[in-house]
Amino acid sequence: MTPPDIELIARVIASDDRAAFAELVHRHQSSVRHFLRHLSRGDAGLADDLAQETFIQAYRSLARFRGDAGFSTWLLGIAHNYWRNARRRQRDHPPLDEKTTDENAAATAHASDLRHDLAVALRELSEDEQLAIHLGYQQGKSHREIAALLDWPLGTVKTHLARAKEKLRQHLAAWNPQT
Amino acid sequence: MEPADLNSPSSHDRRLEQALSQSLAPLADDGFSARVLAALPEKKSAAPSILRYGLCLAGATLGATLAVKQAVSPEGLSGTTVQLNEALANASVLVTDPRAFTALLITGVSLLFALKPGVLAALIPPAKKPTGAGRL
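Protein chains in written order, with this note's numbering: chain H, 1 to 179; chain X, 180 to 315.
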């Protein structure tokens with residue numbers, strides 16, 4: 001039986017247990033790296049550098065983790081801050097286009113026809129709508145968690161998700177012939 | 180060929196949400212966790228703590244010895260209020276004495292090391308390790 005996050009966190013805080021922290025990193029690396037790859041438009045190198053900094057910062061401030069949100073949500077909040085700082089420094093942040101599409105979308109593009117159409121449809125959404133969809137559906141975060149993580153009002157989260165889903169419905173109307 | 184229930188709006192939504200939630204395959208670790216562990220700050224060792232407490236003990240002992248030797252005469256401990264007042268007055272005058280001042284300074288610095296561990300860390304910073312975040 002694997003210990004819950006909160007137990008591993010307690011071990012790191014109490015005795016600087018590196019094995020416990022390694023387990024936390026291993027558990028959450030995929031989620032954090034996916035999130036940063038999404039934000040950086042599939043730049044895996046930048047995303048992994050930011051993910052590494054995210055975990056190091058998490059290690060340093062672990063004692064301040066209050067457990068109000070899940071550990072994963074807390075990590076994504078740190079990752080989001082690092083990405084915002086990185087973007088400020090990158091004046092020539094490339095806009096979303098065909099050449100810089102999310103590599104995950106590309107990787108799954110041909111997994112099925114629906115997935116392929118979905119990947120194309122997602123690119124038509126605004127940046128904020130994509131972010132809301134990524135966190136809400138691909139990362140499985142609740143509306144409240146998204147609001148806390150991105151520092152958005154709860155209503156804004158719901159609006160972005162509703163608009164995004166409506167756009168996706170329209171783009172994917174071919175999958176629902178009666179609409 | 181798609182299943183028949185795809186023609187209802189709710190099933191379309193469910194299918195859409197299912198496709199969204201399944202569109203991210205977990206990323207393989209590929210040594211990422213090991214790189215993070217290697218870039219973590221050094222483990223806190225017991226050495227600075229022993230050094231701190233050693234400095235504190237030696238400094239406090241030295242400071243207290245010098246202070247007692249300089250500030251309090253044997254007569255000052257004899258018991259009467261007048262004598263005690265005189266001893267305290269002598270002690271306050273002796274604060275301006277360089278030797279007494281040095282003793283107090285040693286005691287104060289020792290207490291600072293003992294009560295504020297960050298002071299020692301700031302004076303002897305640990306060697307920095309590369310984090311691999313070259314892009315930032």
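If you are wondering where the hints come from, they were derived from the structure by calculation, not from laboratory data.
The reader is advised that the hints may include incorrect statements.
What the hints assert, rightly or not - Beta-carbon label-pair distances, calculated as ranges:
| id | chain 1 | residue 1 | chain 2 | residue 2 | range |
| --- | --- | --- | --- | --- | --- |
| 1 | X | G287 | H | E7 | 39 to 49 Å |
| 2 | H | S15 | X | A213 | 13 to 23 Å |
| 3 | X | V288 | H | S126 | 57 to 67 Å |
| 4 | H | E166 | X | A204 | 19 to 29 Å |
| 5 | X | T281 | H | P4 | 29 to 39 Å |
| 6 | X | I229 | H | A19 | 18 to 28 Å |
As the list claims (entries may be wrong) - Which chain H residues stay away from chain X? Per the calculated CB distances, all over 10 Å, these:
| id | residue |
| --- | --- |
| 7 | T2 |
| 8 | E7 |
| 9 | I13 |
| 10 | A51 |
| 11 | R64 |
| 12 | I78 |
| 13 | S126 |
| 14 | G140 |
| 15 | D151 |
| 16 | W152 |
Keep in mind that this is a model prediction, so the values were computed, not measured.
Every residue, glycine too, gets a C-beta built ideally from N, C-alpha and C.
Supplied distance hint 39 to 49 Å, evaluated on CB atoms of G287/X and E7/H:
Between G287/X and E7/H, where Cβ atoms are some 43 Å apart, the hint holds.
Can we confirm that no CB of chain X comes within 10 Å of the CB of E7/H?
Label holds. Min Cβ-Cβ 18 Å, cutoff 10 Å.
CB of V288/X to CB of S126/H, is that within 57 to 67 Å?
Since V288/X and S126/H have Cβ atoms about 60 Å apart, the given range 57 to 67 Å holds.
Starting from the hint 19 to 29 Å, judge whether the C-beta atoms of E166/H and A204/X obey it.
The hint (19 to 29 Å, Cβ to Cβ) holds, given that E166/H and A204/X are roughly 27 Å apart.
Quick one: are I229/X and A19/H within 18 to 28 Å, going by C-beta?
holds, 26 Å
Does D151/H sit more than 10 Å from chain X, CB to CB?
Holds: least Cβ distance 21 Å, greater than 10 Å.
Is the Cβ of I13/H farther than 10 Å from every Cβ of chain X?
Answer for I13/H: holds, closest chain X Cβ roughly 12 Å.
Is it the case that I78/H keeps its Cβ farther than 10 Å from each residue Cβ in chain X?
Given that every Cβ of chain X is farther than 10 Å from that of I78/H, nearest at about 13 Å, it holds.
Can the suggested window of 13 to 23 Å be confirmed for the beta-carbon pair S15/H and A213/X?
holds, 21 Å
Can we confirm that no CB of chain X comes within 10 Å of the CB of S126/H?
holds, 16 Å
Would R64/H pass as off the interface with chain X, using Cβ distances and a cut of 10 Å?
Holds: least Cβ distance 16 Å, greater than 10 Å.
State, for the Cβ atoms of T281/X and P4/H, whether the hinted interval 29 to 39 Å holds or is violated.
violated, 56 Å
Hints 5, 10, 14 from the earlier list are contradicted by this structure; the remaining hints agree with it.
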